[in-house]
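Trainee: Put together the whole structure using the sequences plus the hints.
Numbering that gives the first Met the number 0 numbers the first residue of the sequence shown as 0 and each following residue consecutively.
One or more hints might be untrue.
Said to hold, decoys possible - Pairs of lysine-lysine residues, derived as DSS-like cross-links and limited to a Cα-Cα distance of at most 25 Å, are as follows: (1) Lys459 - Lys342; (2) Lys645 - Lys734; (3) Lys424 - Lys726; (4) Lys44 - Lys119.
No lab work stands behind these hints, which were simulated from the structure alone. Treat the numbers as computed from the prediction; the structure is a model and nothing was measured.
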Amino acid sequence: MRFLSSSRCSQWTIIALLAALGGCGGGGHHHSSQSDSSSGVDPSKIDVSNADRCDFLDQSECLYPFPNDHFTVADDQSVSGRRVNFDSLSMPANAGMTGIDPTDWNRADGFSPGQAILTKVPGLGDTTALENTGAVTVDDMGRYLDDNQPVMVIDADTGERWPIWVEVDQGPDVTTADGEPVLEGPPPAPAEAALIIRPGKNFIEGDRYIVALRNLKDDNDETIPAGAAFRVYRDNVATDIPAIEARRDHMNDLFATLTGAGIGRHNLYLAWDFTVASRDNLTGRALYMRDDAFAKLGDTSMANLAVDGDSPSFQVDSVEDYDACDPGGCQEGQSDRLLRQVKGTVSVPCYLDQDGCPVGSRFAFTEASGNHPAATAGNLYNANFICNIPRSVIASGGAVSPSRLSLYGHGLFGSPSEVNAGNVKDMANEHNITFCAVRWIGMADEDTGNAVAIFQDLSKFPELVDRTEQALLDFMYVGRAMIHPNGFATDAAFQVEDDHGDMVPVIDTDHLYYDGNSQGGIFGGTLMALEPDITRGVLGVSGMNYSTLVTRSVDFAQFAYFLYPSYPDRLQRPLLLGLMQMLWDRSDPNGYAANMTDDPLPNTPAHKVLMQVGYGDHQVSNWAAEVEARTIGARLHAPAVDEDRKVGPDQFHGIPVIDSDPYDGSAIVFWDSGPLRRDGGSGDIIGTNPPPLENAPDRAGEDPHELPRADADGRTQKSQFLQPGGKVYDVCDGKPCYDGGYTGSGS
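Mentor: What follows is the structure in structure tokens.
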């Protein structure tokens, strides 16, 4: 938690104190629970029957507005000073009337740093009303600082406005097309559409924020009046209702803080506050597992980049050598890019509650373990790996040229076999890199059936998140075996005979890198925040914060097909995603982004990342990538896209541009396949639209998701970054970066 120091005091603090002393109290001149003629409020008609577990300020959903410190309790043992305290009766229930078990949520000391802020505003349920309101949009985010901005989030410690954007839920329903689920159904009706406020940059861990709404408009451009419950506080209508009066001092504190920040109370529609989970709460489990597991190897210093202690135990299960291809083309058992493929397992300590970390296992906690998993001694998981050794390790003349080493992360509910994709083989052979792929258990191929069950009963959601946290350790252990002097390099599978007849390693164990795409680019961000052996990684077509991503992804349809019928309330769906995000943060980079690069986690080296993004990506939203870039401090390759491909006047707000070539730091580079057009040869529609503003997928044309990694210049840019002293080079000659055959405006 950040405490206010003398250096952070400002004029607004003094104003706030004066406001609190000068008549903002609740003891005012109204003393009756009967209707107040000056305010038009009848407190007796405010439903406070569930005030102990719901918030009566927004009675559309029990947990609205969300996130909300009304659903926390003070806890002097937590870093943030709060503890989430959801009542089981307040949690959403599925169609079978099974409520979500809040146990794992209630271990949190606050809400997600990327939490979508939700409420229901009657009359503000479609884009027309949103336009009339004039709330800041994702393509013009700089307007969050406008004096008349109607939707604001301020840091309660500093009074500073936080960059946000506002949308009305337009997430399409799931339907089927050609027998497959697709997100093409209608958006929610205005009466069922939540107002969603998203941070343009993640909130600061442990800090408290105040949400303020004012001057909201409906479809007819009429001002929407505040609800009676909020007006009781805003207008100083005193009552004799204990549930209402119990919150009055807190509400008046909010008004005083808002006044100090220049936001008056008289025209407020609604205001409330929430506390963000602390860094320790978000990352503590993964750090504990990492440090404990590496201590078992004899290495307790994670920040020094020294490979100390023993190598993890590993076993090689198969080795397949490839002959060079015939002049007429590659035949069975031949490859023009790979010399050898090695498959095996690495033994990793398992911190889940079942032997061998099977699908469906999760963390167990005891009073002694606190918020750390209570691991069973001797429980191990055999993490599968597939390593592809490129032909380029044999240089011209037959000399051995040991390859760089990189972990590889696969896509959504995929498998390590994705390392066999053509673009990965190209990258390996063109730039002499051995890629070793590991399974992202929790969200891998073998987890798909369990994910379907989870999306029908979200009480099971910890099974997905906890197993994905175990996957992070799996990657780190495989990586350590890759670069340890007594690891992979000692096995004949990673050796060849040199021109002197000696067996020598084909891998260079001096450095380890990371490259992942899609889900591998997403979770790769988390891995980069934790990795003790990697300082540089490429996050391909990545983003963060699944609660922002999923409704904007065509991939989500296969899971929405089960989630949406199980939880049919349209107004509740953004809340479900917000609740899931609170747990997802323990494996999603959303919970680690603040410490991914220059401000590393405890006992962890600093890292640099290169984000390569497909413009208009149908699977991973560009907006989620931009939030990640702002949060990790990445710089933008500019011009990012051609002017006629932009969707707004301030599309890349708050991301500073790269000011030198090469650039020594973290960066985000957009790769653009161009607008919709017909391919001159096939006649197929290629290109795609820019990212849509609403929380819905882009489906037009050709999905550019695969294109950045398929581009030779894109692979060169990655190679230049993934090396000792590597930097981000402008491989696009001062122009936007193009792929998919596009060469710029008009082409």
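Trainee: Confirm or reject each hint.
Mentor: Hint check results:
Pair hint lysine 459 plus lysine 342 does not hold up; C-alpha atoms about 32 Å apart against a cutoff of 25 Å. Taking the CA atoms of lysine 645 and lysine 734, the gap is near 14 Å; set against the 25 Å cutoff, the hint holds. Using a Cα cut-off of 25 Å, the hinted pair lysine 424 and lysine 726 holds, with the two alpha carbons roughly 23 Å apart. Between lysine 44 and lysine 119 the CA atoms are separated by roughly 19 Å; this keeps the pair inside 25 Å, and the hint holds.
Of the hints listed earlier, the one the structure fails to meet is number 1.
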